[in-house]
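Read off the chains here:
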Amino acid sequence: MAKSISQEFVKGLWDEIPPFRLVLGLCPALAVTTTMKNGVGMGLATTFVLVCSNLLVSLMRNIIPSKVRIACFIIIIATFVIVTELVMQAYAYTLFQNLGIFIPLIVVNCVVLGRSEAFASKNSVLPSLADGMGIGLGFTIALGLLGAVRELIGNGTITVINEIQVFGPSFEPFEFMVAPPGAFVALGLMLCIMNIIGKK
Amino acid sequence: MRDMIKMVVVLTVLSAASGGLLAALKDGTKDAIENQVLQNEKAPALHAIFLNVSNDPVEDRFKVMDGDVERTVFIGKYDGEPKAVAFDSSGSGYGGDIGVIVGVNIEKDELIGVAVTTHKETPGLGARAKTDKTFIAQFKGNAIPDEYAVKADGGNVDVLSGATITSRGVAQAVTRAGRIYERIKPEILENLKK
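Line by line, the protein sequences are chains A and B.
Numbers in this note's numbering are just positions in the first sequence, counted from 1, shifted up by 1054.
Numbers in this note's numbering are just positions in the second sequence, counted from 1, shifted up by 16.
The following block holds chain B by itself, in its conformation from the complex:
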């Protein structure tokens, strides 16, 4: 019996101490990690979406509340005027969630570009969604919000050959982005006025 109690006590204390330490560390490194993700993953994608912007979209960002989810919105300024925004969306791919950044022209409510950021798709097949220019270019210039679906599902998106599920995931992410945009647009406009 004493053995039993000792086991329980030691394990509990050890787990609690470890949990506490990790929570503190996670909190301490949160900003640094967020910064690294922005620099290493978001920055190249934003660069691909916002061509010829006059500002640094990573610097000019703000957070808006979408229901109870916090979303980061990046601003693209052309000749000093904020004309476009970009934000994250995601869809389910073959190997997990596909993270997508979607850029929207706020004057015309039009997609200006889509770029895949984080994914766990198969190298050489689904992973091409990140690099294949023609696949990504399909979304450009379309009105938002709109429904996107791959051709196999009766939609209008050409799939990457051998990667239907990935393509479906990206289409889903863009569709979701449209809905997100509808919800957060008032907040975006308010923020841009400031």
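If we strip away everything but chain A, and leave its shape as in the complex, we get:
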């Protein structure tokens, strides 16, 4: 527990990057990463929920009775998820339509609940915030990357804000990659690359 705040932040970007190292939060990671924009959008929504819930759980960690802590965490998380959903619906409607059911499902995303339980409920506010931001950013990068790879191979485009044609009109898209099985393949390859790099 002698880690500095910056270390808490950085660990989420590599050592504990959620979908690749912890292999948590796979449901949204696999389902919505059909384009880079969707992946990043989902990542940012999760980051917002993660940071807010970490903050609140950490603030209330001495008040919440341990027997009902999970219920309390879920209430806190669910509140922020609905906040995200309403705000997204009001100001980013197309993204809201694309992400659909996966926004409300952030409530049961084990990354969010996992950080509340494993970290925020045992640490003070600043490290919890850093942890939330780090893990959230890691999740966003991972989903963005996964989305970019799948979109590039499966559709020949990269969507940042608008769709950009990368391979030109003669490219024959490998549609398998944007279909659900492609998500598993892309994730598997990513894990493989991570393990090769991370091997000592």
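Read the hints as simulated data drawn from the structure, not as lab findings.
Computed from a predicted model, the values in this text were never measured in an experiment.
Heads up, the beta-carbon is just placed ideally off N, CA and C, and yes, glycines get one too.
Don't take every hint at face value.
To be clear about the criterion: a stretch of chain B counts as covered by chain A if any three or more of its residues have a C-beta under 8 Å from a C-beta of chain A, and this derived list gives those stretches [unchecked claim]:
no., region
1, 22 to 29
2, 41 to 52
Listed next, the in silico DSS-like pairs over lysine-lysine satisfying Cα-Cα at most 30 Å (straight line) [what the hints assert, rightly or not]:
no., chain 1, residue 1, chain 2, residue 2
3, B, LYS201, B, LYS124
4, B, LYS210, B, LYS99
5, B, LYS22, A, LYS1176
6, A, LYS1121, B, LYS22
7, B, LYS46, B, LYS79
8, B, LYS124, B, LYS93
Got chain A sorted already, so can you dock chain B onto it with the hints?
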């Protein structure tokens, strides 16, 4: 015992605070969300129903009371004259409610078009109700109010192949729209006079 009370108090306070916050936020974002739904879901459907209108139906809309339900009515003006209205209806499909916008010519009491807005039907099967032009065109030009049923149920609506339940849902929505129209017509006419 003290533990017990603490648990109950903490959970109650937390839930109440969360409920209050969300109610306030829901209220705050209501208009923005309604606007987004109009722009993103209703506008394309209205465009498909009202061909060659001289106004923007999303702009020209008013609300009427149908019993205790509030309904939004969109006006279609042709050469500046309000000749048609469109409003929402719904029927039960395979994956939940199918939202349908129905356009009615108020002079002839005739359907001028039907368009599916929101649905949760199976992609490639029921979801074709939104895109299949011939399916939707069947309703055009029919008198309203009228009963619609798919051919399998002894009616006159051709189903989308592989999507009988969806087709039934759309037929149901159009039938309901006829009933709604009957009820709200006096109010519509009164509003148009203004």
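So, going through the hints one by one against the coordinates:
Against chain A, the region 22 to 29 of chain B contributes 4 residues with a C-beta closer than 8 Å to a partner C-beta. That satisfies the three-residue criterion, and the hint holds. With 6 residues having a beta carbon nearer than 8 Å to a beta carbon of chain A, the region 41 to 52 of chain B meets the requirement of three or more and the stated coverage holds. Annotation: proposed proximity of LYS201 of chain B to LYS124 of chain B holds, straight-line Cα distance about 12 Å (limit 30 Å). Of the supplied pair hints, the one linking LYS210 of chain B and LYS99 of chain B holds, its CA atoms being roughly 14 Å apart against a limit of 30 Å.
Among the hinted pairs, LYS22 of chain B with LYS1176 of chain A is consistent with the structure: their alpha-carbon atoms are about 20 Å apart, no more than 30 Å. A hinted pair counts as satisfied when its Cα atoms are at most 30 Å apart, and LYS1121 of chain A with LYS22 of chain B qualifies at roughly 11 Å. Note on LYS46 of chain B and LYS79 of chain B: the hinted pairing holds, with a Cα-Cα distance of about 16 Å set against a maximum of 30 Å. Note on LYS124 of chain B and LYS93 of chain B: the hinted pairing holds, with a Cα-Cα distance of about 15 Å set against a maximum of 30 Å.
Going through the hint list in order, the structure satisfies each hint without exception.
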